[in-house]
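**Student:** With chain A's structure known, arrange chains B and C on it following the hints.
Single-letter residue listing:
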Amino acid sequence: MPLRPSRSAYPLSWRVLDALEAGARGVWPARFARGVPWLMLAPAILLVGLLAVSLFEIADASLRTLDTATFLPSEEHTLANYARAFSEPVVLAVGLRSLGGALLVTLATLILAFPYAYAMVRTPSAAWRKTLLIALFLPFFIGQVVRAYGWLILLGNQGLANEILGLAGLGPYRLLFNYWAVLFGLVQYMLPFAVLMLAPALSAIPEEVEAAAGSLGANWGRTLLHVVFPMAKPGFVGAGLVVLTLTLTDFAIPAILGGGGQDFIANAIYDQFFRTSDQGMGATLTVLLVLVGSTLVGLVFALFGAGTLSLRGRGP
Amino acid sequence: MPDTPFFLQLSRRRFLQGAAAAGSLGAASALGLRTAFAQEPEKPAEIIVRAWGGSWVEALKAGVSDPFTKATGIAVRHDLTEDNEIQPKVWAAVAQKRVPPIHVNWDTTTNATKSALRGVTEDLSDLPNLAHVTDLAKPVGLDGYPIVDTYGYVYVLAYRPEAFPDGPPTSWKAMLDPKFKGRIALYNDGIGFHFPAQVAGGGKLEDIPANMQPAWDFIAKVKEQEPLLGEDPDFTTWFQNGEIDLACTISTNAREAKKNGIDVAWVVPEEGAKFDTDGLWIPKGLPENELYWAKKYIDMAIGKESQQVWLDGLGLPGVVPGLTPPADLVGDPSYPTKPEDFEHLIRISSKIQVENEADWFGKFKAIMQG
Amino acid sequence: MREARAKRLVIGALVALSLLILSAPTLVVLGASFTAGNIIAFPPDGLSLKWYEKVAGASDLRQAFWRSLQVALICTIVAVPVGTLAGLALAKHRVRFSNALQVYLLLPFTIPLIGSGIGLMLLFGEAGVLGSLWPVGLAACVINLPFMIWAVTASAGALDPDLELAAASCGAPPLQTFLLVTVPAVAPGIITGSLLMFILALNEFLVSLLLVDARTVTLPVQIYNSIRSIITPDLAAISVVFIACAALAILALDRLVGLDIFLKSK
Chain A
1 MPLRPSRSAY PLSWRVLDAL EAGARGVWPA RFARGVPWLM LAPAILLVGL
51 LAVSLFEIAD ASLRTLDTAT FLPSEEHTLA NYARAFSEPV VLAVGLRSLG
101 GALLVTLATL ILAFPYAYAM VRTPSAAWRK TLLIALFLPF FIGQVVRAYG
151 WLILLGNQGL ANEILGLAGL GPYRLLFNYW AVLFGLVQYM LPFAVLMLAP
201 ALSAIPEEVE AAAGSLGANW GRTLLHVVFP MAKPGFVGAG LVVLTLTLTD
251 FAIPAILGGG GQDFIANAIY DQFFRTSDQG MGATLTVLLV LVGSTLVGLV
301 FALFGAGTLS LRGRGP
Chain B
1 MPDTPFFLQL SRRRFLQGAA AAGSLGAASA LGLRTAFAQE PEKPAEIIVR
51 AWGGSWVEAL KAGVSDPFTK ATGIAVRHDL TEDNEIQPKV WAAVAQKRVP
101 PIHVNWDTTT NATKSALRGV TEDLSDLPNL AHVTDLAKPV GLDGYPIVDT
151 YGYVYVLAYR PEAFPDGPPT SWKAMLDPKF KGRIALYNDG IGFHFPAQVA
201 GGGKLEDIPA NMQPAWDFIA KVKEQEPLLG EDPDFTTWFQ NGEIDLACTI
251 STNAREAKKN GIDVAWVVPE EGAKFDTDGL WIPKGLPENE LYWAKKYIDM
301 AIGKESQQVW LDGLGLPGVV PGLTPPADLV GDPSYPTKPE DFEHLIRISS
351 KIQVENEADW FGKFKAIMQG
Chain C
1 MREARAKRLV IGALVALSLL ILSAPTLVVL GASFTAGNII AFPPDGLSLK
51 WYEKVAGASD LRQAFWRSLQ VALICTIVAV PVGTLAGLAL AKHRVRFSNA
101 LQVYLLLPFT IPLIGSGIGL MLLFGEAGVL GSLWPVGLAA CVINLPFMIW
151 AVTASAGALD PDLELAAASC GAPPLQTFLL VTVPAVAPGI ITGSLLMFIL
201 ALNEFLVSLL LVDARTVTLP VQIYNSIRSI ITPDLAAISV VFIACAALAI
251 LALDRLVGLD IFLKSK
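Line by line, the protein sequences give chains A, B and C.
146 is the number that full-length UniProt numbering gives to position 146 of the first sequence; each next residue is one higher, with no gaps.
158 is the number that full-length UniProt numbering gives to position 158 of the second sequence; each next residue is one higher, with no gaps.
96 is the number that full-length UniProt numbering gives to position 96 of the third sequence; each next residue is one higher, with no gaps.
So here's chain A without its partners, still in its complex pose (with noise of 0.2 Å):
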């Protein structure tokens, strides 16, 4: 009698998984072992790299001005963009705003996001923690545009908040269509990416450790300082650089929160493009901010150490 495995010593799901098995090793012998990583990673790549074709589109739109003429941008190349761009106060101006506006974004949801997520995590109440993670996911639903106006009819001159000191005796003031309205706006509208980011860097520490350090002695500001946010470090450069990205390039809140005057460079973006018709500088100022957005993740990158976003204990 011939051997025959069966049916439930060796299920179907064993047997498509060898399959799958010998074909991987058909296409993938295992001597290309050191290429896995880069295997894994082409599909991203390849992604991505949609954008990046765009943006050598972009590029090379940045390097034609405007003949308002025709309407049509020039056929030979020139810098007179750049040139324009770094000549023009306004725009660095407007860069300017863009650029402390989103540090100081990042470090207020920081600030706000870390006791967050770590109530999240460490609550022993289930009900807690699920209203905890409702209360994040939910305004995501409404989107940034009616979020915005929500903030316009509760900050507004009339509004709640004015009534409110109004019973106080106080006001109205203008709360809206300043600078501060607009990082405020900013802020709510970071703070759940920033917590789903930082939520699993600390649910990845022990309770125990923060346990040990506190019977070491060791108050909880000096745990947190010395324990906690070392080891949570990959979640907060994870998170701030998620927030810092985003609120660079971010478009509605300053439009909308800002009344018009607290620009940001994604708003002047959007008016050359759309506004005055200007593809070629609309193009520049594209590039420059994505010049500098990389820039700045190149540098947390350095400064943090490259693959801080990977793991612990795996580093060099």
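Derived by calculation from the structure, the hints in this document are not laboratory data.
Keep in mind it's a predicted model, so treat the numbers as computed, not measured.
Careful: at least some of the hints might be erroneous.
Unchecked claim - Below, in silico cross-link-like pairs of lysine-lysine (DSS-like), each with a Cα-Cα straight-line distance of 25 Å or less:
1. B/Lys259 - C/Lys50
2. A/Lys233 - C/Lys7
3. C/Lys7 - B/Lys61
4. B/Lys61 - C/Lys54
**Tutor:** Okay, now just chains B and C, sitting in the frame of chain A:
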């Protein structure tokens, strides 16, 4: 792929050739369309018309789209993308030789002129109803009819009557009153405000565009008053929430806010107010039969019956003689009908506007964002 | 003891502040949707359901919502394998040029959305694929991909390299180790990431605006366009319907796998 120039498929030379060809064909094609009416080309299931949302599209639907569907059986779908935002989409489609995303674009004449200069518009000289329209329908400074203007509007000085117990403001200089600090609003790009600012700043309209320093000086003074900058819906929201007392905005928005129960009134101040037009145009690249029906749509829009209903909804003066103004706008300065009504209105040719708009806008931004 | 109370007080206060900030606009929109008046106001100007009636009667909104769901689905289906593989590669392996690679993979966040939108519109236009929904889903996937990658990388913190070694030393071939040991270990990250991708795609408007036409318009684009002319309470009502759907989805998720999965690996 990267060496395909961005937005650049149509060289200037080809554009000029195209324009010349369009001009010489003008006479012949007028005949062509008329014969074509006899044997109508295949009807598409629907045509897409870009429109502004809210009361704007409601008015267009009642006045033009619904009657068009009734007459032809072709459904009309409205694309509510902003005029600014549809522009790069249409331009890219024409440059890439794709079928454009819309059949008819309802656009500001300034924006439409840019598209006409770029050569992405179809010539509309052969519309039968053009025989019955006023001069307002003809775009100034362009050959033929790359756009058909359909009505005019005024950038009025809108105000909250509550804030003016001693009677309405008479001058744009009211914006400089310290008590309105932080309580005035202008369009994001300053549109509608540059020309009256030129007068209010002591300059002359004839100096536009050569010397607009008076306008910039006046705008710099207004900047000290910390104005809010926004778009049409912002004005309504701001008036409604009591954020502003004064704004330079299109009369239609002020009227719409008033209809919604917000206490708003408007004037044309002594320095005058900017008068401009909106129009309809058809992007290049449509299949022959769809182009035909898109033209029929525009032709209907400049017919008297359509104009009456459509423009009653908007509260704006049309391009057909003999329209009856809506009851609430009889004698209103923002609804000019007689030549003397136009005396206080400032009209600058689209050509000068499009050539200089980017600079004016940049200058305005530099003042406001500085 | 006193310190423990101080700690709870500080955290409690900051969390309460965050909760207030997070929920306030949602509550305002919720309230404004029930207004009897014609403009968005809070507190609402009388109570009525008339704006919900209007939304329920609008078939174009329903179709747009349906299209948004498809876009979100396409985005998530692409993002999950791509992001999981990339996230694990970054977390488990030391890749050369990883600094440059990270900067590259963050391009979706460093390029302003308007730039991405214009660029993708030209690219997809050149390829002749505009007019279908999948390019919109693909675009939503690209511009949010870092979230998927990072969600996986972050939860790989819970991944014990010894576990994989154990599997391998028991004779499990690499692919089996990967599918049966590695992937389940990062499941919380995959779920968080895919949910985030789904939600963000469902709400994407700035890039989609340039990629859709009147026949393929998605709900957020429709809302964005309507808001540009006048803000009426039906927009608030749509948002509330959206929130209700979201709440139902979250509830279902809780029943099925438990919300704790976001935070803890099994």
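**Student:** Starting from the hint list further up, note which numbers the structure goes against and sort them upward.
**Tutor:** 3
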